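K.L.:
Sequence:
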Amino acid sequence: MKRSEIALVAVLGATIVCGCSVIWVNLKGWGLPGKQAAASETTTATVQSSATASTSAAETEDLSGPLTDELALEGFENYLHFKIKNLDEIIDEGKKPCTWGIASSDKNEIMIMFKSNTGSLLRYHINRKTGKTYVTSYSVEYNNYFRTKETLNIRDYLDRKPTPTPYAIKPSDNTTAETAAKPKVKVSNAVSKTAVVGGAKLPYKIPKVTITGKNTNAVNKKMKSQLGKYDLKGDNARGITYSYHVSDKLISILVHISDNDSTTVDTYKVYNIAVSTGKTVGDSTAVKLAGSSTKKFYAKVKATYKKFGGGSGAPSSFAKKAKKQNLKRVSYKYLVPYVGKNGHLCFIGYVSYYGGEEKGYRVFDATSKKLLA
Numbered sequence: 001m002k003r004s005e006i007a008l009v010a011v012l013g014a015t016i017v018c019g020c021s022v023i024w025v026n027l028k029g030w031g032l033p034g035k036q037a038a039a040s041e042t043t044t045a046t047v048q049s050s051a052t053a054s055t056s057a058a059e060t061e062d063l064s065g066p067l068t069d070e071l072a073l074e075g076f077e078n079y080l081h082f083k084i085k086n087l088d089e090i091i092d093e094g095k096k097p098c099t100w101g102i103a104s105s106d107k108n109e110i111m112i113m114f115k116s117n118t119g120s121l122l123r124y125h126i127n128r129k130t131g132k133t134y135v136t137s138y139s140v141e142y143n144n145y146f147r148t149k150e151t152l153n154i155r156d157y158l159d160r161k162p163t164p165t166p167y168a169i170k171p172s173d174n175t176t177a178e179t180a181a182k183p184k185v186k187v188s189n190a191v192s193k194t195a196v197v198g199g200a201k202l203p204y205k206i207p208k209v210t211i212t213g214k215n216t217n218a219v220n221k222k223m224k225s226q227l228g229k230y231d232l233k234g235d236n237a238r239g240i241t242y243s244y245h246v247s248d249k250l251i252s253i254l255v256h257i258s259d260n261d262s263t264t265v266d267t268y269k270v271y272n273i274a275v276s277t278g279k280t281v282g283d284s285t286a287v288k289l290a291g292s293s294t295k296k297f298y299a300k301v302k303a304t305y306k307k308f309g310g311g312s313g314a315p316s317s318f319a320k321k322a323k324k325q326n327l328k329r330v331s332y333k334y335l336v337p338y339v340g341k342n343g344h345l346c347f348i349g350y351v352s353y354y355g356g357e358e359k360g361y362r363v364f365d366a367t368s369k370k371l372l373a
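Going by this note's numbering, the sequence shown wraps up at 373, each residue one higher than the last.
A few of these clues could be false.
Computed cross-link-like contacts, EDC-like style, restricted to lysine to aspartate or glutamate with a CA-CA straight-line distance of at most 16 Å [to be verified]: (1) K201 x D156; (2) K107 x E70; (3) K193 x D156; (4) K107 x D69; (5) K129 x D69; (6) K229 x D261.
Estimated spans, in silico, between C-beta atoms of each pair [to be verified]: (7) K229 x H125: 45 to 53 Å; (8) N217 x S262: 34 to 42 Å; (9) K224 x K295: 13 to 21 Å.
Hints were generated in silico from the structure; no laboratory data involved.
Small disclaimer: the values here were computed from a predicted structure and weren't measured.
Using N, Cα and C, we set each Cβ at its ideal position, and we do this for glycine too.
Based on the sequences and whatever the hints tell you, model everything.
P.N.:
See the structure below:
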């Protein structure tokens, strides 16, 4: 088969799905980090020139020196033939599953970018001196690239006699794509002091969130600004504690603001933060990221309020009255959802209790339909 007939294909992680028409994409327009190709025409011309040359770059260039862009492209094409046993058959049938080209090139690294027929992106990072190559895969969920387990040395493929590795010889049609690494989430104390409220010492802790690869400065500044306004001593002093739950998609922080006065109702605040962005999200989005829907959540709130009698020790007539008032007040205007212990969907609700004589914000577990605080 002539080199001019070779179609350009890509391998995604350890698998590849074939069977769509190829469309050349301007790599500069993908918004890729690092140095990029000047334009799609330049990238296309570079790839085609290496594919149509009568003598391969590996046969004409010094293989012991730093890799040129042409050598890197040729080595990768050989890697594809080694990895995909029926590649020639695919090319003869005119199937071109995806596009590829050099996205950036400097004195240290050549980066080849792949785009699949499904829109998935892979970057092959080639050390220009050693030929060692690692792969990063784009995660739509986290809007970032993460390193996969796939590694190779592009120099092993320049003479079409590659050194087999356990990863490279895996059947490309029977494996699953590498899972992008999950960002690490940490919730710690931005402030840790002691408040003196009514002569009693109470903890005064303000949370801070860090997520690898995400900027959480805005949410940390917001929490510190809103919670740091309380004094540590005097009439306005408050004790501040918090609990939190972290899932793959959502960080929920419940802050308890106490004044150590048994005659008043404590205050609560919730901060729901998307792991994918590091930013706070609205109530409906938080419910969705928690794996539910607003309709289901709303139904759980109603069921919880039906079980809430307005406080222990309240007469039955008071309980009936409190339930009636709370069910009328059921509205997202008065509800703040969050994820609590054991991953339960919980909420803060403004309710009537003790027969409607008192009102205030209370904390409920919408999953178990129980009053928490």
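K.L.:
Quick one, are K201 and D156 close enough, alpha carbons at most 16 Å?
P.N.:
violated (68 Å)
K.L.:
Straight-line Cα separation of K107 and E70 no greater than 16 Å?
P.N.:
Status holds; Cα separation ~14 Å.
K.L.:
Per the hint of 13 to 21 Å, is the separation of the Cβ atoms of K224 and K295 within bounds?
P.N.:
violated (35 Å)
K.L.:
Can you let me know if the beta-carbon spacing of N217 and S262 is within 34 to 42 Å?
P.N.:
holds (38 Å)
K.L.:
Measure nothing beyond the straight line between the CA atoms of K193 and D156; if it is 16 Å or shorter, mark the hint as holding.
P.N.:
Violated, because 59 Å separates the two Cα atoms, which is more than 16 Å.
K.L.:
Just to be careful, I want the Cα atoms of K129 and D69 compared with a cutoff of 16 Å; is the pair within it?
P.N.:
holds (12 Å)
K.L.:
Is K229 within 16 Å of D261, Cα to Cα?
P.N.:
violated (19 Å)
K.L.:
Under the criterion that the straight-line Cα-Cα distance not exceed 16 Å, is the pair K107, D69 satisfied?
P.N.:
holds (11 Å)
K.L.:
Taking the CB of K229 and the CB of H125, does the distance hold inside 45 to 53 Å?
P.N.:
holds (47 Å)
In summary, the numbered hints that this structure violates are 1, 3, 6, 9.
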